[in-house]
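With the hints as constraints, model all of the structure from the sequences given.
Note that the protein sequences, when read in sequence, are chains A and B. Residues in the first sequence are numbered from -2 upward in steps of one, following our numbering. Residues in the second sequence are numbered from 2 upward in steps of one, following our numbering.
Be a bit skeptical, because a hint or two may be false.
If the Cβ cut is set under 7 Å, some of the chain A residues that face chain B in the computed set are [what the hints assert, rightly or not]: (1) P20; (2) R83; (3) S86; (4) R89; (5) R92; (6) D110; (7) E142; (8) E143; (9) F147; (10) G148.
Keep in mind the hints are simulated off the structure, nothing from the lab. Note that CB positions come from ideal geometry on N, CA and C, so glycine has one too.
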Amino acid sequence: MGNRMIFDQVVVPRRYTILDDGPHESVLTSETAIPLADFYELLGREDAPSTIGVILEPGDDVTGLESHLDRASFVALHFPKFTDGRGYSHARLLRTRYGFEGAILAYGDVLRDQLLLMHRSGVNAFYMREGQDEVAALEAFNRFEEQYQFGLYPT
Amino acid sequence: MYKYNDIDKRIVHARVDEFRGQVRRRLAGELAEEDFLPLRLQNGLYNQRHGYMLRVGVPYGLLSSDQMRTFALIAERYDRGFGHFTTRQNIQFNYMELEEVPDILGHLAEVEMHAIQTSGNCVRNVTCDPHAGVAPDELADPRPLAEMLRQYKELHPEFAFLPRKFKIAISGAPEDRAATFFHDIGIQAVEVNGELGWRILVGGGIGRTPRIAAEIRDFLPTVDVVSYVEAILRVYNLHGRRDNKYKARIKILVGALGIDAFRDQVDAEWEHLKHQKLDMDRYEQIVRMFTDDVEHPAEAAADPEPSTRRDADPEFARWLRTNVKDHKHPGHHIVYISLKAPGQPPGDATTEQLLVIASLMDRYSQGRATATYNQNLTLPHVRTRDLETLYDALVAQNLATANINTIADSICCPGLDFCNLASAHSIPVAQKINERFNDPAELEDIGKLHLNMSGCVNACGHHHTGHIGILGVDKAGVGHYQIAIGGNPGAGEESPAAVGAIIGPAVTADEVVGVLDNLIDRYKAERDQDETFLETVRRVGVDTFRENQNG
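Here's what the structure looks like:
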């Protein structure tokens, strides 16, 4: 299971590389993600790839990323503990306020029982915690036909 | 009251099915306890001293008789024959079997109830003035707004893992009966230049660090309240502390930034959200749901007063004075059902009591009751002509103790008898106090006095806000009790919300009643005519009472 991911509600092989220690000597492509500080540093370099993945830790400032999202191929949201809910707000802001259309990947302590919440917040790719069954977890997406927050605002 | 539409029903049933699957995985060993913990908490399930406790949500405290009967069913079939009403206007059942909880949630779903987000680090039950909708002094019924907020916060994907729990209260009246100053967000109806709207408070709380909320907005029209709450929640979710659970409530964030800087952050966030105007057609539709299913005929004003009985029966007369409150409509009354009979654990109701209350709701209160902040129930639509027969029916069930808003009407947490966190017993001490102050004539003479007791610093009994507040502490294995006076949960012109001040060293359980006797004696000596205990404390100062305890 360690080599599988959920992408748009389908189980597929993992395609992204998370370089959470920083890029070091790695080859950087649009499918590698590096920490936010490294991402900012890379933007100014001439040999930088046109787009690259960027890691957001729970404590990172997502607002500063807005003007650089054209260089982000995807955003990897780190959930060190599943009970830390900051990543949900990051996903929400990326999708609804900044209009980010690339993949948003949740990785780390990502569990079946939180998939729907993450999906509804804007996450579409999941690297689940070791030992989680991605195929069994897919039922989370179909558990609810509708959601609360209906009918609050005129449609 | 609000009736579920098909979407509500499908969501709540789907939620039961979801939890059933999670429980099955937990029991099969596929789900570890630490991963299951937040899931069960957000379905109202705690693990306490005697096993699982289930807390059922009662939105803004409003109940139908069918819902009350379902509580009786749960108490009888799945618990040990009683339920416990809480300060959040909810009800708890203390002896649950994990594998039965999904079935219980299924019973609740049938009567449009659930236990979603009654615990956990999420937005909890939105509480309201227990007199909502029928209070004579009300500017606006707070329940339609509370219902819109319920629909907003229920299973909100972004705010299931906040830094800490989050509580909202709404008051629609100038006299604050919802303790809005002691909530993460407090909302108060206000009228400015003839326009009705809402004042927003933030950062109040009790617990280890009591704080009185600060005003973040003096006025918001109804259309903007939900989006403004979202702005507060997002700022809190992103910036509230997560390194220390005792510093994680929003009051700490507001305190660290200061209300002005916090407001700047919220307003900056709200700039992006304020285009989301609440659907006022739907709001008005919900308003009508609360008014259309109850009626208050004008002819009730001509109902005969129970004067013969009142003149002949001083106990009945006292009950009328103490447990029956003014109503917005002539000939109608708000009748309190006291769950504080002498010797009873505060807030408890037995299966039989729940069933009798359900039939009294149908017969005398148009099928409605309200769970109150002070752990009693009300019948909110009782006609004058029915007061006498209702009184007799309540007496027969030991539900007519004339002690509402007196020292014997204490708010009390479950304490060491049930709770894993507790440092000391609270229920037995409350019972002692209740037994000492059981003379109705004396209670009436002492008058309005809120006594609150918590079995530990987490303050579930809201001891900080009691006119007399008692905190249980553990001293070398022996429960001791720290006593404070001068707290005040509500706010009005003359009596602002306040946190109590400690009057002396902690005492043992056996000494508590003696200290209370001294406090009451001093109050009687100092009071000016019909001044309440709190008014006297505020006028003469806490020190007067301190000397009294030491001397």
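Comparing the hints with the structure gives:
With 7 Å as the threshold, the beta carbon of P20/A stays out of range of chain B, its nearest partner Cβ sitting at about 27 Å, so the hint is violated. With its C-beta approaching chain B no nearer than about 6 Å, R83/A sits inside the 7 Å limit, and its interface hint holds. With a cut of 7 Å, the hint placing S86/A at the interface with chain B holds, because the nearest CB-to-CB distance is about 5 Å. Here the hint on R89/A is kept, as its CB sits about 5 Å from the closest CB of chain B, short of 7 Å.
Taking 7 Å as the C-beta cut-off, the interface hint given for R92/A is violated, the closest approach to chain B being about 11 Å. The interface hint given for D110/A is met, as the beta carbon of that residue sits about 6 Å from the closest beta carbon of chain B, less than 7 Å. Below 7 Å, beta-carbon pairs count as interface contacts, and E142/A has one with chain B at about 6 Å; its hint therefore holds. Look at E143/A: its Cβ gets to within about 5 Å of chain B, closer than 7 Å, so that hint holds up.
Given hint, F147/A at the interface with chain B, holds; its Cβ is 6 Å from that chain's nearest Cβ, closer than 7 Å. Hint on G148/A holds. Least Cβ distance to chain B is approximately 5 Å, under the 7 Å limit.
Hint compliance for this structure: hints 1, 5 are not met, and every other hint is.
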